[in-house]
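Participant: Protein chains in written order, with the numbering used here: chain A, 186 to 337; chain B, 42 to 383.
To be clear, the hints were calculated from the coordinates, so they are not data collected in a lab.
Even glycine gets a Cβ: it sits at the ideal position worked out from N, Cα and C.
It is possible that some hints are incorrect.
Stretch by stretch, here's where chain A covers chain B in the computed footprint (C-beta under 8 Å, at least three residues) [as the list claims (entries may be wrong)]:
id, stretch
1, 47–55
2, 264–273
3, 289–299
4, 310–324
Read off the chains here:
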Amino acid sequence: MEWSDHLYADYARMVHAILLGRVPRAEVDDLVQDVFLIAFKRINTVRDPAAFGGWLGTIARNRAIDHLRRRREETALPDEVPGGDPIESETLAALDAIRRLPEAYRETLMMRLVEGMTGDEIAAKTGLTPGSVRVNLHRGMTMLREVLGSKA
Amino acid sequence: MSDDYLWDGSGTPDPEVQRLERALAPLRYNDRPRRVQKDPPYIRRGGAEGPPKGGHYVRAWGPLAAMAAVVTLAVSVVWRTPAASWEVNALNGSPRVGAHAVAASAKLAVGQTLTTDASSRARIAVGAIGNVTVEPNSRVRFVETSADHHQLSLQRGTIHAIITAPPGQFVVDTPSATATDLGCEYTLHVDDEGSGRLSVDVGWVAFESHGRESFVPGGASSSMNAVYGPGTPSFDDATPAFHAALDRFDFGRAEVRPEALQTVFREAHHRDALTLWHLLSRVDARDRGDVFAALAARIPPPTGVTKDAVLRLDRAALDAWWESLELGDVTFWRSWLATSKR
Chain A
186 MEWSDHLYAD YARMVHAILL GRVPRAEVDD LVQDVFLIAF KRINTVRDPA
236 AFGGWLGTIA RNRAIDHLRR RREETALPDE VPGGDPIESE TLAALDAIRR
286 LPEAYRETLM MRLVEGMTGD EIAAKTGLTP GSVRVNLHRG MTMLREVLGS
336 KA
Chain B
42 MSDDYLWDGS GTPDPEVQRL ERALAPLRYN DRPRRVQKDP PYIRRGGAEG
92 PPKGGHYVRA WGPLAAMAAV VTLAVSVVWR TPAASWEVNA LNGSPRVGAH
142 AVAASAKLAV GQTLTTDASS RARIAVGAIG NVTVEPNSRV RFVETSADHH
192 QLSLQRGTIH AIITAPPGQF VVDTPSATAT DLGCEYTLHV DDEGSGRLSV
242 DVGWVAFESH GRESFVPGGA SSSMNAVYGP GTPSFDDATP AFHAALDRFD
292 FGRAEVRPEA LQTVFREAHH RDALTLWHLL SRVDARDRGD VFAALAARIP
342 PPTGVTKDAV LRLDRAALDA WWESLELGDV TFWRSWLATS KR
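So here's chain A without its partners, still in its complex pose:
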């Protein structure tokens, strides 16, 4: 396994979670690829391994913003276009609710609830302190309960 495979395996879930919080799910997998391609092209600029996760997250957010801007310019598509595996309405409702949360809570909850990462894993991958992750999870979940409660 080469270093690029290691990095991909280690960080793909984090990148996927960040993107899924922002762009239609049918387009997320290919954007994950894009993000790693951009990162590998610029990887020579990263000398501190501890900074890699935060740097990769920034690329993912920027890539999502660029993609949405270009998408709006090209055509007005509904947020959830057909594609991917069919999913239940409960899934879409939960996804929609998390997407309404502030960015920090949204991303942390995506990593925990969608990707199944633990708090320690999220801290290790994102470069956030465990304390910040715990706060994001706790406050994010409180807000998510409120959003889901108000929709029920």
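For chain A, the structure is supplied; the task is to place chain B on it using the hints.
Facilitator: Same frame as chain A, now just chain B:
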């Protein structure tokens, strides 16, 4: 209800969190193998980038990451002595200096690049201090030279250097780390991704990248990685299990590192104190006590070096312990580093 379940799934399950986990599971990242480094990305016909919609994308380019690193490195070099040149002799085939094939010998000027293909080799006379053999499929750039400083950049391939100058005068940049000769003979290899390996035959090489440093003595090697920088050095005659575990520790996933570290401890012989000393500053703080114990079991810390100081990574304590390993004098390297921040 505590947040333990929300934190890591332990403790009393939170029914609402469980319900959300079940509902959202279909969206989880599908961990099928993808090789973005080797497989071409998708680029839309016509040039605009973006994700595929209805097959309007084509596979377009190969592994460009290393190329990008090379370009970045090349454009960042500052030419300080443009008139200087070294002699290059062709050993096999037709190596090239810039665009010109070298039939027998040629001059390599500062800023120029020497390239060998699969069937060519060349030797560079490094002023009066030694020579560098450039093996096939390599690319070497002459960065600078002065009375007491000579620098190449190995962008890809393999070089074998024999240097007789005082320590610190001959430096080779790679995309992963900088190798500084401390009086020795060594082989340096860089692959297309900017990673590679340094193997020292005689003497010493200091391997450094942004404060992460390795001292590699004769008979030892150190891997290097474009992301992680120099790996932990180890003697070539260490056990295969030791080497494999060290690779997992240096460049493996976070989950495998604890097991890898335990294997390193188990497999380490007296001579592997070299590796254990380097690990002191590379492990997480919670593992540092274990590394201390493993190193102390092979080479006890010298008088005056306390466990507390080592666990704090006190530089003087680490250097004192290093000296007691009797592998080499670190004093020069420290003073050279202090004066060479150009």
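Participant: None of the hints should be skipped; say for each whether it holds.
Facilitator: Okay, the hints, checked on the actual structure:
no.	hint	result
1	47–55	holds (count 4)
2	264–273	holds (count 5)
3	289–299	holds (count 4)
4	310–324	violated (count 0)
Checked against the numbered hints above, the structure breaks only hint 4 and satisfies the rest.
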